[in-house]
Amino acid sequence: MHPAPSVIFFTTFSGLGFGLLAWLGIGAPDVTGWTAFAFFAIAYAMAVGGLLASTFHLGRPERAVKAFTQWRSSWLSREAWCAVGALVVMGLYGAGLVFLGERYALLGILGAVLSLLTVFTTSMIYTQLKTIPRWNMPLTPVKFLSISVAGGALLAGQVQIAVLLLLIVGGVQLLAWMQGDKAFASAGTTLGTATGLGARGAVRAFEPPHTGTNYLLKEFVHEIGRKHAQKLRIISLGLMVVLPVILLLLPFSHFIAVLALASHIAGVLTARWLFFAEAEHVVGLYYGKR
Amino acid sequence: MTTLPDKTDKKLGLVIDLDTCVGCHACVISCKGWNTENYGAPLSDQNAYGADNSGTFLNRVHSYEVQPDTGAAQLIHFPKSCLHCEDAPCVTVCPTGASYKRVEDGIVLVNESDCIGCGLCAWACPYGARELDQAAGVMKKCTLCVDRIYNENLPEEDRQPACVRTCPSNARHFGDLSDPDSDVSKLVAERGGMDLMPEQGTKPVNKYLPPRPKDTLPDTTEEFDILAPFLAPVAEEPKGFLGWLDKTLEKL
Numbered sequence: 000m001h002p003a004p005s006v007i008f009f010t011t012f013s014g015l016g017f018g019l020l021a022w023l024g025i026g027a028p029d030v031t032g033w034t035a036f037a038f039f040a041i042a043y044a045m046a047v048g049g050l051l052a053s054t055f056h057l058g059r060p061e062r063a064v065k066a067f068t069q070w071r072s073s074w075l076s077r078e079a080w081c082a083v084g085a086l087v088v089m090g091l092y093g094a095g096l097v098f099l100g101e102r103y104a105l106l107g108i109l110g111a112v113l114s115l116l117t118v119f120t121t122s123m124i125y126t127q128l129k130t131i132p133r134w135n136m137p138l139t140p141v142k143f144l145s146i147s148v149a150g151g152a153l154l155a156g157q158v159q160i161a162v163l164l165l166l167i168v169g170g171v172q173l174l175a176w177m178q179g180d181k182a183f184a185s186a187g188t189t190l191g192t193a194t195g196l197g198a199r200g201a202v203r204a205f206e207p208p209h210t211g212t213n214y215l216l217k218e219f220v221h222e223i224g225r226k227h228a229q230k231l232r233i234i235s236l237g238l239m240v241v242l243p244v245i246l247l248l249l250p251f252s253h254f255i256a257v258l259a260l261a262s263h264i265a266g267v268l269t270a271r272w273l274f275f276a277e278a279e280h281v282v283g284l285y286y287g288k289r
Numbered sequence: 000m001t002t003l004p005d006k007t008d009k010k011l012g013l014v015i016d017l018d019t020c021v022g023c024h025a026c027v028i029s030c031k032g033w034n035t036e037n038y039g040a041p042l043s044d045q046n047a048y049g050a051d052n053s054g055t056f057l058n059r060v061h062s063y064e065v066q067p068d069t070g071a072a073q074l075i076h077f078p079k080s081c082l083h084c085e086d087a088p089c090v091t092v093c094p095t096g097a098s099y100k101r102v103e104d105g106i107v108l109v110n111e112s113d114c115i116g117c118g119l120c121a122w123a124c125p126y127g128a129r130e131l132d133q134a135a136g137v138m139k140k141c142t143l144c145v146d147r148i149y150n151e152n153l154p155e156e157d158r159q160p161a162c163v164r165t166c167p168s169n170a171r172h173f174g175d176l177s178d179p180d181s182d183v184s185k186l187v188a189e190r191g192g193m194d195l196m197p198e199q200g201t202k203p204v205n206k207y208l209p210p211r212p213k214d215t216l217p218d219t220t221e222e223f224d225i226l227a228p229f230l231a232p233v234a235e236e237p238k239g240f241l242g243w244l245d246k247t248l249e250k251l
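Order-wise, the sequence lines are chains R and H. Numbering-wise, the first sequence is residues 0 to 289 according to numbering that gives the first Met the number 0. Numbering-wise, the second sequence is residues 0 to 251 according to numbering that gives the first Met the number 0.
Treat the hints with care, since some could be wrong.
[Said to hold, decoys possible] Restraint-style ranges between C-beta atoms, simulated for each label pair:
no.	chain 1	residue 1	chain 2	residue 2	range
1	R	Pro-137	H	Cys-23	45 to 51 angstroms
2	R	Ala-37	H	Pro-4	47 to 53 angstroms
3	R	Ala-104	H	Asn-110	42 to 48 angstroms
4	R	Glu-206	H	Asp-214	21 to 27 angstroms
5	H	Asp-214	R	Ala-184	35 to 41 angstroms
6	H	Ser-112	R	Ser-5	19 to 25 angstroms
Simulated from the structure, these hints should not be mistaken for lab results. We put the CB at the ideal spot given by N, CA and C, even for glycine.
This is chain R alone, in the form it adopts within the complex:
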């Protein structure tokens, strides 16, 4: 899959933003007034910024509001509802904290649930696609949710729990890579099944339909990026999990915490880049490519 920057930024930052909102919703940290304002500003900047970034990959962004209509069948539509729901509920809850100094616990919990549902629905957009076997597995939502909750904990200053959650993220990510590497083969789609000619012999793509490229190849076939996949996996795991955990285990200072956060975000961005670049769409088979 083409690793489009807009989608990488969207999933990374909206994940972080909604993760932080979820923590704020359950009152961790239990803040009011200007401190609460700062936390909510960061969370909204990331969540809304991420959502705005996602509209950059639309062909017709001016019609984006139509995406709310098909929540019965479409995960993308459900995501739109959850995101708006979470932002509205958390906005009310945040207003209570900032302006009234009051914590409406029930509203906060509802907002936290909606925030995590937003991340879940985002992950389901990818998980539902049978055409991309690497994404089409239960570990995908687990990964998105764990990264969101761990990143949110980092932002919310929940140091101890963040260390634990980051280690879980590392484990889930490793498992996802191990399972993902086998996914395409176990899905059973080959050029033989794609053409229906597999029973007759070995099928080879002899000539593509056009000498030039096309939308399908640009969008779904990204072979170059995988060259350094193994190195990038190590780098992303190091930045996303190992370095932040080490930094958080050091005696606490705000500088070190910011460093841990920056490292984590860089790691998630790298991992998210790999999430797209390593994903192979079955349509590539028709072109003799993966």
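Fit chain H to the known structure of chain R by using the hints.
Relative to the frame of chain R, chain H by itself:
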């Protein structure tokens, strides 16, 4: 509405004969022509005369080599367009309701004025049947020439998809695949029509007819060339001028 209908009244679709397709790409051109000039946004080209040209096509012809365990390899031309699947994954993922499957005939269409160009339907399609038009920003796909097949302004013989109408080798057939007595259904039954990527669970309506087995040469110990008797030498010994020349040259 992007939920799929439980059942469609008809299943209009194509039957593509891999045995007779000669890979001439006439269907590609006629499709691009008709669908650029008629329903919906035109199929645009980008940098059409430059080095890195590309464009939107609803139908593309691939060519594959099949090498059996023994014997000669076979070259198979393979036209590919939307298969109008019964369980179309492109429809259910659509967030706006722009993608839909028609109850009356099963055609999968895009309402371009509702499409936001998110591209998710193209991600969900295993066949690469949907392409996001780079100029219009909306998703384009085969309409089964819905503006031809019901078009009473056209002569009756033209009321079929442009690709079918134009195919010079009669490799493309159009009809109702839900009717077991239709010509296309009979063709599928006779020739063992097959689904592409059945493991994806899309239940495509379009079927592909596998290439017939290649002819094998008969045993060479038998005479098999029907022209051979006519080519047998009619005179063993040269006569006339050639006979004289032969004898004279022998004597030298």
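Tested hints:
1. The hint said 45 to 51 angstroms for the Cβ distance between R/Pro-137 and H/Cys-23, and at roughly 47 angstroms that hint holds.
2. Distance hint for R/Ala-37 and H/Pro-4: a CB-CB separation of about 51 angstroms, consistent with the stated range 47 to 53 angstroms.
3. With their beta carbons about 45 angstroms apart, R/Ala-104 and H/Asn-110 fall inside the hinted range of 42 to 48 angstroms.
4. For R/Glu-206 and H/Asp-214, the Cβ-Cβ distance of about 24 angstroms falls inside the hinted range of 21 to 27 angstroms, so the restraint holds.
5. A hinted range of 35 to 41 angstroms holds for the C-beta pair H/Asp-214 and R/Ala-184, which are about 36 angstroms apart.
6. Range check, H/Ser-112 to R/Ser-5: about 24 angstroms between beta-carbon atoms, so the 19 to 25 angstroms window is met.
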